[in-house]
Amino acid sequence: MISANLSAIFYLVSGVLFILALRGLSSPETSRQGNLFGILGMVIAITVTFLSIDNFSTGFIFVLIFILLGGSLGAFIAYRIPMTAMPELVAGFHSLVGLAAVFVAISAFLNPEAFNLGLPGNIKLGSLIEMSIGAAVGAITFSGSVIAFLKLQGIMSGSPITFKGQHFLNAIILISIVVIIFLLCSTQSSNLFWILLFASFLIGFLLIIPIGGADMPVVISMLNSYSGWAAAGIGFTLENTALIITGALVGSSGAILSYIMCKGMNRSFFNVILGGFGATEDNVNNSNKEQRPVKSGNADDAAFLMKNASSVIIVPGYGMAVAQAQHALREMVDTLKKNDIKVSYAIHPVAGRMPGHMNVLLAEANVPYDEVFELEEINNDFANADVAFVIGANDVTNPVAKTDPQSPIYGMPVLDVEKCKSVLFVKRSLSPGYAGIDNDLFYKDNTLMLFADAKKMTEDITKNL
Amino acid sequence: MEIDPLIFRFSIFILSIFVGYYVVWSVTPSLHTPLMSVTNAISSVIIVGAIIAGLSGNSESVFNTSSIFGFLATALAAINIFGGFLVTQRMLAMYKKKKKDK
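In the order they appear, the protein sequences are chains A and B.
Okay, so the first sequence: first residue is 1 according to this note's numbering, each after it adds one.
Okay, so the second sequence: first residue is 1001 according to this note's numbering, each after it adds one.
This is chain A alone, in the form it adopts within the complex:
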């Protein structure tokens, strides 16, 4: 057994290693090393925990068995999961962190002696407050992530579920959670602890059901942040530095990602949380319903345009992920490059269902990351490009965001696709995107619509090149 001071120092070391793990992600070259720092930090934290326990009961064997069981399941999932399912995976993992936090809190509440927190029914006040906050946030993370997972997986409809008095009900539950925590800390009643958990599970569920599919980047980032705060809450209870540092890191990381995602949609955080576009602004697109002419073409036309271009910019979106078109796209680009055509990729911050979703898919298809650009880096290049190839993106290219102050997406940063000499827009139909508004880009003179499945169309174009 090692002394409490020594183990505290080791926990600090592992906290620092976790900071380095995140620091490594500032560039792809250093990121792999960063991940190793993270693993090392975790190994140190777990080893120190084992070393600091004085009575090795037979429970030790069971702990090892459960680590092995969970670990092999986790490793199995990590190797088998397709890259397109990454948003679901991350949502699922968040739910596990939340549930683990709840379980640790329950265990500490039932047996506080094992954690040096006092006796059952007479837990130290500070610890009880930290514990109940950690448990409540953990429970919200769990049920919220489960709903996010079901929506992303398509088991539950991605459209927002709203009902009358929803915000009122949520407000009541949130206030009662605060009241329950207050009562729990003054009475130490275990019944109140279970009610607290139930109310928190319920509010997590209710908070996420009104949020629509395309707002998932915000939701996932937000739940990421919650899982961090839950871990920090438990960290305070256990007086564990590694857990406090990590919780704070993850909490602020998720918060920053939510901020970036909201900014990418020009919406406030509360606007996203309080429900989808469809719920509040369904009267917007009724005004101009007349059929406007569009130019549509086939793979042959598209191949002709691209063959005669000297530079092409590709704009991928969620549709590319759905159609699994990233590999076909890379093959098309390879053919273009053989013909000495300059190709780059333009990624909008909210393209896809989670932050960085498109980048991972392109990396999977062996697209070098130095050909992939963010909105601010590439937006001026559209004016000099010959062809923009929009595959599976919609709202993020809509010029209405710049021209029509009445539009619900007005002010949202968009890719200046229409400035290209010609635009190829791969889409199944003319249906509007998530925001429920028509895309002006469809009707521009320089736009050629390619109505087809993204993968099939890309393959056909490659054949015709």
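Hints listed in this document are in silico derivations from the structure and should not be mistaken for laboratory results.
Owing to the predicted nature of the structure, the values given are computational and were not obtained by experimental measurement.
C-beta: ideal position from N, C-alpha, C; glycine also.
A hint or two may mislead.
Said to hold, decoys possible - Distance ranges between label pairs, derived from CB positions: (1) A:164 to B:1097: 50 to 56 Å; (2) A:270 to B:1090: 34 to 40 Å; (3) A:8 to B:1096: 21 to 27 Å; (4) B:1065 to A:61: 15 to 21 Å; (5) B:1063 to A:194: 17 to 23 Å; (6) B:1097 to A:153: 31 to 37 Å; (7) A:167 to B:1097: 46 to 52 Å; (8) A:163 to B:1096: 47 to 53 Å; (9) A:311 to B:1097: 29 to 35 Å.
Said to hold, decoys possible - Only part of the chain A face toward chain B is listed, based on derived beta-carbon distances under 10 Å: (10) 18; (11) 36; (12) 61; (13) 87; (14) 230; (15) 236; (16) 243; (17) 247; (18) 251; (19) 253; (20) 255; (21) 368; (22) 371; (23) 448.
Once you have looked at the hints, place chain B on chain A.
Frame of chain A; chain B shown alone:
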């Protein structure tokens, strides 16, 4: 008068939020998905609490309600640790630069 140790932990917490703030802003947007999966993995350091909870049983009975919740939490956190780090490793291995020999 002595300072409550809670204040020290709170200081660590607040400073870590600031460290997190600056470190995460420096993460390149193309790595935001690995950022989420790795934060997922490291927040599972909650396993240290789960292990203590799992070992809370006495020599007569390894299993009591408290330790069973500990075992379950250990398994959940272990899924996340292994799954999170491995999937991050898998993703990061795919990020390649343009080949020079072309």
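Hints, verified against the model:
1. A:164 to B:1097: 50 to 56 Å: Holds, since residue 164 of chain A and residue 1097 of chain B (Cβ atoms, about 54 Å apart) stay within the stated range.
2. A:270 to B:1090: 34 to 40 Å: holds (36 Å)
3. A:8 to B:1096: 21 to 27 Å: violated (41 Å)
4. B:1065 to A:61: 15 to 21 Å: holds (19 Å)
5. B:1063 to A:194: 17 to 23 Å: Roughly 21 Å apart at Cβ, these two residues keep to the hinted range, so it holds.
6. B:1097 to A:153: 31 to 37 Å: holds (34 Å)
7. A:167 to B:1097: 46 to 52 Å: holds (49 Å)
8. A:163 to B:1096: 47 to 53 Å: holds (48 Å)
9. A:311 to B:1097: 29 to 35 Å: Taking Cβ atoms as reference, residue 311 of chain A and residue 1097 of chain B lie about 21 Å apart, which means the hint is violated.
10. 18: holds (5 Å)
11. 36: Holds, about 9 Å.
12. 61: holds (8 Å)
13. 87: holds (8 Å)
14. 230: With a minimum Cβ separation of about 8 Å from chain B (threshold 10 Å), the hint on residue 230 of chain A holds.
15. 236: Residue 236 of chain A check passes; min Cβ-Cβ to chain B is 6 Å, inside 10 Å.
16. 243: holds (6 Å)
17. 247: holds (7 Å)
18. 251: Where the cut-off is 10 Å and the nearest Cβ of chain B is about 7 Å from residue 251 of chain A, the hint holds.
19. 253: Interface hint status for residue 253 of chain A: holds (4 Å vs cutoff 10 Å).
20. 255: holds (8 Å)
21. 368: Since the shortest Cβ distance to chain B is 4 Å, the answer is holds.
22. 371: holds (7 Å)
23. 448: violated (29 Å)
The structure does not agree with the numbered hints 3, 9 and 23 stated previously, though it agrees with the rest.
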